[in-house]
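Asks: These protein sequence lines are chains A and B, in that order. Those letters in the first sequence? Residues 1 to 461, by this note's numbering. Those letters in the second sequence? Residues 1001 to 1306, by this note's numbering.
Calculated directly from the structure, the hints in this document are not laboratory data. There's no promise every hint is true.
[To be verified] Where chain A lies over chain B, by a calculated footprint (3+ residues, C-beta under 8 Å):
1. 1244-1253
2. 1263-1277
[Unchecked claim] Calculated from the model, a selection of chain B residues having no Cβ within reach of chain A, i.e. all distances over 12 Å:
3. F1059
4. V1112
5. P1125
6. N1142
7. L1154
8. P1196
9. A1203
10. T1232
11. F1241
[Stated by the list, open to error] Far from chain A, some chain B residues (derived; all Cβ distances over 10 Å):
12. I1056
13. L1066
14. F1073
15. A1075
Note that the coordinates shown come from a computational prediction; the quantities given were computed from them, not determined experimentally. Virtual Cβ for every residue (Gly too), placed ideally from N, Cα, C.
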Amino acid sequence: MNEKERKAGNEQQLSRRDLLKMLGGSAAGMSMAKIAGLGGSAAALLGGMPAGAQSKVEIWTGFGQGRMADAMQGAIDNFAVENPEFAPEHIIVPWGEITDRVIAATAAGSPPDVHRGWSGTVGNAAIGALTNLQPYVDAQNVDLSDFWPATLDQMKFQGDVHAMSISTIVQFLYYNKDRMREAGLDPDSPPSTIAELDEQGAALNDVSDDGTINRLGFSPTVPGLQIWDWGAAFGSQYWDESEGNIAIDEEAMIALFEWYKSYADQFGAENLQAYASTYGGNNFGRNTPQGIYYTGLITFWVLGSWSYNDMGEYGPDVDFDVIPIPQLASADDSAPGTSNGNMYLVPANCANPDGGFAFANFMSSSPFVAINKALPDSVMPSRRSLANLPEVDEKEGGWTILARDEILPNTLQRPSFGGNGFFGGALNEAAENVMFHGADPAEVLADAVARSRREVERLRG
Amino acid sequence: MFKLKRDPADQSNSWRTDNLPAWGLFFVAPWIIGFLAFTVYPFFASLYFSFTNFNIINFSPRWVGLDNYVELFTADPIFWISIGNSIRYAALLLIFATVFDIFIAYLLSLNVKFLSIYRTVFFFPVLVPVVAASLTWIWILNPRFGLINGLLDLIGVKGPNWLASPDTAMLSIILIAVWGSGRQVIVYLSGFNDIPRSLYEAADIDGASGTQKFWRITLPLLSPQIFFNVVTLIIFSLQSFSEVYIMTGGGPANSTLLYAVNLYNRAFRDFAMGYASALAWIMFLLILGLTLIIFKFLSGRVIYER
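Please construct the entire structure, taking both the sequences and the accompanying hints into account.
Replies: In structure tokens:
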């Protein structure tokens, strides 16, 4: 082999330098592609779309099938018509995964431009996961006083708006009139206080000698403890705005925990848990006619207004009605539970925050959405102006008027804060310790609050 | 393309195509890169994060020294509950699974009809996805309409509340884990099959009873498999997560809150990544310590066939 051939051969061989160049080049290429993002307008250009014509708005929700999906698509179509500068793209993510996936995508630098969440999701602002929407709100002169006060509180994190609420869920006490009649109770006089609820519920229980619960009149532990709501009904707060940390009304919460314990003592905590687990699949059969609410297995229960629509769909023959959550007559600051805003949120560092806010604002302010999306889901529009539309008054069943005129103006204002999930978990643990192990309510509550306050401070950094 | 023929005259500093280690490295590079990026880096990064206050979004961990560890040991009752639960779970699972698996493996080593079917049946649970198995068990253990309590009801026994009671929930998840321990059965089965028949024949000639043969022949010669299964089962049980998270979420009243479930809650419910990293390192050290202890005290007792 002559020199020339050898050189040619060398050129074709893989040297260490070549190998490193290849690997380094690949890594650099991947990094540049990552930095460039290849989202938004770049994607539009790659797709052959003229630059500047439209910007993509990536929307994540869980509305994947059925009536809710159709209503969501209708809302998106309306948004596209009213906002031709944006091209909405709806991506369906399972509800149970949406928050985790958004967080993961945000951490990876490729979040959606806007996503559906709940009041609790606003607390993710504490870890920097959300875009502060206050500058958008100010620039567009959004009338924040139009929102229900409790909902507005939940839209804010540390004083700034971080979410736009489309609708607000209130809590109702549902009651089965047929079962009340069977027990000789007057269905036109449902319980209006905790004491009446205890009394009427007790008249409707069906328990075997061995403790097995066959039918339940009422227990505050079924379908869940719902500590936030019952705590409000017993007169507790959860947050001290001046201190910027968790604070409860100890007396009220101790009374609540003792109330839980009285039911645990009456039925046996295990029997209540067994009853709940027996019928607990799929949210107590929320989406099946065999569900606990539609078959008379419970007479009084507290759930969000969203269940009103389910009652009509899965239990059309059940004669039922709703009232505000009964309150503790002796409590000074008692409220008819808490309310929970359904939110649209714009993740931090998304490709198109302008489009994200535009969509969130559209969803919270559009009469079309209020009438065709919120009301059919039996949740109230979060803006008072939309809650006063004629269609709201005309809604069958009268629940809208009850929610609008009696409950929403009076529910406990519970602001969004980081550590909300931890606090809820700690309260649940404390209540279970009281019910199952007879722990001292004051002691476990003090521990839960102390740990939760530390968590708030940790998140504050 | 690269040259495929060796050039003996070429003395340059290049990797030739017949230089197998170089090409080998090239082809395994994706795995090595993945290993470095997704195993080695997180391993050491988590150690660093365990000394910081760090959330998943803002990549600006704040150094807090030993604060996370101090809080874990001095101010977090859930940590102690979860570690106690995990140790109880691991210990009971180890006992139940070892006894059950050896017994089943012994039965499966007998020369009976339909043996392959029996072996398949006992391995089936390993093949069932965790989520599907967990949801099925929730219904099997349903206090009112579950299969087990239904059978107990037929003989006039009121079944327990299983997953609904703090007294029986832990036992329930242990039984489910034993049900799914087909892999250990396979290992024991291979051990049984490796024991020379001649030893039993000699024992028969000497008049040894069945019990004597079990304690003097079977168990000692099965010790390598027992040793392997004990170590892997401890590691597996201390890391158990999915089935418990699905079936009980750690309840009722934290009675099944295993360490990994607590770790998950802190990391992905509370976004306390620094704190969760500290939890993970404590678990790592606990597993490492237990494994070393087992090696120190048991490895000398293992009898390997020569």
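Asks: Do three or more residues of the segment 1263-1277 of chain B come closer than 8 Å to chain A, measuring C-beta to C-beta?
Replies: holds (count 7)
Asks: Report holds if the minimum CB distance from B:V1112 to chain A is greater than 12 Å, and violated otherwise.
Replies: holds (40 Å)
Asks: Confirm or reject: B:A1203 is not an interface residue toward chain A, with every Cβ-Cβ distance exceeding 12 Å.
Replies: holds (51 Å)
Asks: Say whether it holds or is violated: B:I1056 keeps its Cβ farther than 10 Å from all Cβ of chain A.
Replies: violated (5 Å)
Asks: Could you check that no beta carbon of chain A comes within 12 Å of the beta carbon of B:F1059?
Replies: violated (8 Å)
Asks: Holds or violated: is the Cβ of B:P1196 farther than 12 Å from all Cβ atoms of chain A?
Replies: Holds, because the least Cβ-Cβ distance between B:P1196 and chain A comes to about 51 Å, which exceeds 12 Å.
Asks: Beyond 10 Å from every chain A Cβ: check whether that's true for B:L1066.
Replies: For B:L1066, whose nearest Cβ neighbour in chain A is about 15 Å away, the distance exceeds 10 Å, so it holds.
Asks: Mind checking, does the segment 1244-1253 of chain B have 3 or more residues with a CB under 8 Å from chain A?
Replies: holds (count 3)
Asks: Quick check for students: does the CB of B:A1075 sit more than 10 Å from each CB in chain A?
Replies: violated (7 Å)
Asks: Is the nearest CB of chain A more than 12 Å from the CB of B:N1142?
Replies: violated (6 Å)
Asks: Does the claim that B:P1125 lies off the interface hold, with its Cβ farther than 12 Å from every Cβ of chain A?
Replies: holds (22 Å)
Asks: B:T1232 clear of chain A by more than 12 Å, beta carbon to beta carbon?
Replies: holds (30 Å)
In this structure, the hints that do not hold are numbers 3, 6, 12, 15, in rising order.
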